[in-house]
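Sequences listed follow chains A and B, in order. Last residue of the first sequence: 240 in this note's numbering, with the numbers rising by one and none dropped. Last residue of the second sequence: 240 in this note's numbering, with the numbers rising by one and none dropped.
It is worth saying that the hints were derived from the structure and are not from the lab. As the structure is a computational prediction, the values presented were derived from the model and not from experiment. Heads up, a few of these hints could be off.
Taking lysine to aspartate or glutamate pairs in the EDC-like style, the calculated list, with each CA pair at most 20 Å apart, reads [stated by the list, open to error]:
(1) A/Lys-32 <-> B/Glu-69
(2) A/Lys-32 <-> B/Glu-14
(3) A/Lys-72 <-> B/Glu-140
(4) B/Lys-32 <-> A/Glu-187
(5) B/Lys-19 <-> A/Glu-14
(6) B/Lys-31 <-> A/Asp-124
(7) A/Lys-31 <-> B/Glu-8
(8) A/Lys-125 <-> B/Glu-71
(9) A/Lys-19 <-> B/Glu-8
(10) B/Lys-76 <-> A/Asp-124
(11) A/Lys-19 <-> B/Asp-145
(12) B/Lys-32 <-> A/Asp-145
(13) B/Lys-72 <-> A/Glu-2
(14) B/Lys-125 <-> A/Glu-69
(15) A/Lys-76 <-> B/Asp-124
(16) A/Lys-32 <-> B/Glu-3
(17) A/Lys-19 <-> B/Glu-71
Some residues of chain B that are not near chain A, with every Cβ distance over 10 Å (derived) [as the list claims (entries may be wrong)]:
(18) Leu-139
(19) Gly-185
(20) His-202
(21) Pro-214
Think of the CB as a built atom: it goes at the ideal place given N, C-alpha and C, for glycine as much as any other residue.
Number of protein chains: 2
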Amino acid sequence: MEEINNIEVVPCTESNYLKPFRVHYNQNGTKKSWDFMRTHDSVSVLIFNTTSHCFILVKQFRPAVYMCEWEKAKTKTSQEAEKTEEGEASESQEGPSASAGESPSQWPPASAGVTYELCAGLVDKPDLSLEEIARQEVLEECGYDVPASKLKRITSYRSGVGVTGSKQTMFYAEVSDDNCVSAGGGEPREGELIEVVKVPLHEAMTFAYDERIPKTMGVIFSFIWFHNNMSPKYKISTNV
Amino acid sequence: MEEINNIEVVPCTESNYLKPFRVHYNQNGTKKSWDFMRTHDSVSVLIFNTTSHCFILVKQFRPAVYMCEWEKAKTKTSQEAEKTEEGEASESQEGPSASAGESPSQWPPASAGVTYELCAGLVDKPDLSLEEIARQEVLEECGYDVPASKLKRITSYRSGVGVTGSKQTMFYAEVSDDNCVSAGGGEPREGELIEVVKVPLHEAMTFAYDERIPKTMGVIFSFIWFHNNMSPKYKISTNV
Chain A
1 MEEINNIEVV PCTESNYLKP FRVHYNQNGT KKSWDFMRTH DSVSVLIFNT TSHCFILVKQ
61 FRPAVYMCEW EKAKTKTSQE AEKTEEGEAS ESQEGPSASA GESPSQWPPA SAGVTYELCA
121 GLVDKPDLSL EEIARQEVLE ECGYDVPASK LKRITSYRSG VGVTGSKQTM FYAEVSDDNC
181 VSAGGGEPRE GELIEVVKVP LHEAMTFAYD ERIPKTMGVI FSFIWFHNNM SPKYKISTNV
Chain B
1 MEEINNIEVV PCTESNYLKP FRVHYNQNGT KKSWDFMRTH DSVSVLIFNT TSHCFILVKQ
61 FRPAVYMCEW EKAKTKTSQE AEKTEEGEAS ESQEGPSASA GESPSQWPPA SAGVTYELCA
121 GLVDKPDLSL EEIARQEVLE ECGYDVPASK LKRITSYRSG VGVTGSKQTM FYAEVSDDNC
181 VSAGGGEPRE GELIEVVKVP LHEAMTFAYD ERIPKTMGVI FSFIWFHNNM SPKYKISTNV
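Please take these sequences and the hints and turn them into a complete structure.
This is the structure we're talking about:
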């Protein structure tokens, strides 16, 4: 169980991670402009453990998700206040603004920011192939040592089209308990606090479509891909 | 065919669309911080035309995707130049930088920025239900007028976990030629230049997994969802 406290939000004028650019252009004679950000492409990996017949996911606290939920809770509270105190002006909801001085009771529980995801990572090492980067992520995040040659490419797509435009390539990795060389959990030096989670094969489809379980589309898509493409090899429950 | 020219990229110090924030917090006793941006949640809609047995997608020029491809082309060119002119220092690749003065030959064709996507839109009208927002997008972008009550919720997930944390809800809409009231194409006032595209049902799975066709994961996932859930009703080819 994550414990999150001492939360403080500030505007961010200079970020090493988020660097907005603006592009001006003519599209079919119409002058347009668009604000965007550059990020690295990424890889994600559906990991299936053939010993325990479980999918291996990562679970982590995501500040951006947490802030999103915080703002929804705030809006809801202010709307409810508006209903009970009609006529009073409601607080403006223009972007987050909060400080350590605010009552901690306004913050949702840490679980509101925790998501289930595929093992994934950025393509930020130009000398390595996508398979080699995926292999490193499987090792660092989930503790399984599998050769890059065992990674099967599922497909690729644009993971963002509005802001970043970056591409993600998805792989499938079959592992066994014999490949497990560490507990995983990410690179503590990079501040990663990742929990490795097993989802049993027979629960996978229920897990995928249970909207109460916060997750990425990659989890849902890859579970269904497995169901459609690996089911002759492994049985998966389809009672959904 | 899109025509893109007069491209100019500038750093963006003040954006109405991209507003970075920084959150400082303690996670299990460790002091951390994260840069994020707030965006609205979104809806996306898989549209199936029961008259023509086609999926209805939107196709549009995405500046962020284009810039991503431009940078890849630039990196490749500079790496190739490095190979032929060994010893010379290569150009730094720290973020985009270009101006109208650069040779147009450096810019990839407009098609490099065009993607196929599900009909989608932002949840930015607090008075409307998700179904009503989805309904409006189907009408504006694709020209089909269907009642909100006919929209079937597929599922929801986090569309971004690193930067935005926002949630997307996916719907399924069955339409017929009788529901087609306009050509669609988006709101010209909002600068949208959207092309409505039909993908025949029997080509859908090939389309989904053809990596040469640039698309979002939502297209792939929803086509497979249809295959698994609507196939008793409509036949879909599975020769993949």
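Okay, the hints, checked on the actual structure:
As the CA atoms of A/Lys-32 and B/Glu-69 are separated by approximately 19 Å, the hinted pair is consistent with the 20 Å bound. A distance of roughly 17 Å separates the Cα atoms of A/Lys-32 and B/Glu-14; the hinted pair therefore holds under the 20 Å criterion. Restraint check: the Cα-Cα separation between A/Lys-72 and B/Glu-140 comes to about 27 Å, which exceeds 20 Å; the hinted pair is violated. For the proposed pair B/Lys-32 and A/Glu-187, the alpha carbon gap of about 14 Å is at most 20 Å, so the pair holds.
A hinted pair counts as satisfied when its Cα atoms are at most 20 Å apart, and B/Lys-19 with A/Glu-14 qualifies at roughly 11 Å. Simply put, B/Lys-31 and A/Asp-124 have alpha-carbon atoms about 25 Å apart, too far for the 20 Å limit, and the pair is violated. For the given pair, A/Lys-31 sits about 11 Å from B/Glu-8 by alpha-carbon distance, which is consistent with the 20 Å threshold. Proposed proximity of A/Lys-125 and B/Glu-71 is supported: the alpha carbons are some 16 Å apart, at most 20 Å.
In summary, the hint linking A/Lys-19 to B/Glu-8 is supported, as the alpha carbons are separated by about 17 Å, within the 20 Å threshold. Straight-line distance between C-alpha atoms of B/Lys-76 and A/Asp-124 comes to about 15 Å, which keeps the hinted pair within the 20 Å bound. Taken as a hint, the A/Lys-19 and B/Asp-145 pair is broken in the structure, with Cα atoms around 40 Å apart against an allowance of 20 Å. Between B/Lys-32 and A/Asp-145, the direct Cα distance comes to roughly 29 Å. Violation of the 20 Å bound is thereby established for this hinted pair.
Distance check on the hinted pair: B/Lys-72 and A/Glu-2 sit about 39 Å apart at the alpha-carbon level, beyond 20 Å; violated. Note on B/Lys-125 and A/Glu-69: the hinted pairing holds, with a Cα-Cα distance of about 18 Å set against a maximum of 20 Å. For the proposed pair A/Lys-76 and B/Asp-124, the alpha carbon gap of about 15 Å is at most 20 Å, so the pair holds. Between the alpha carbons of A/Lys-32 and B/Glu-3 the distance comes to roughly 12 Å, so the proposed pair stays at or under 20 Å and holds.
Of the supplied pair hints, the one linking A/Lys-19 and B/Glu-71 holds, its CA atoms being roughly 15 Å apart against a limit of 20 Å. Look at B/Leu-139: its CB is around 21 Å from the nearest CB on chain A, clear of 10 Å, so calling it non-interface holds up. With a cut of 10 Å on Cβ distances, B/Gly-185 stays outside the contact zone with chain A, its closest approach being about 13 Å. Residue-level check passed: B/His-202 sits 17 Å from the nearest beta carbon of chain A, beyond 10 Å.
Consistency note on B/Pro-214: stated as away from chain A, yet its beta-carbon is not over 10 Å from all of that chain's, at 6 Å minimum.
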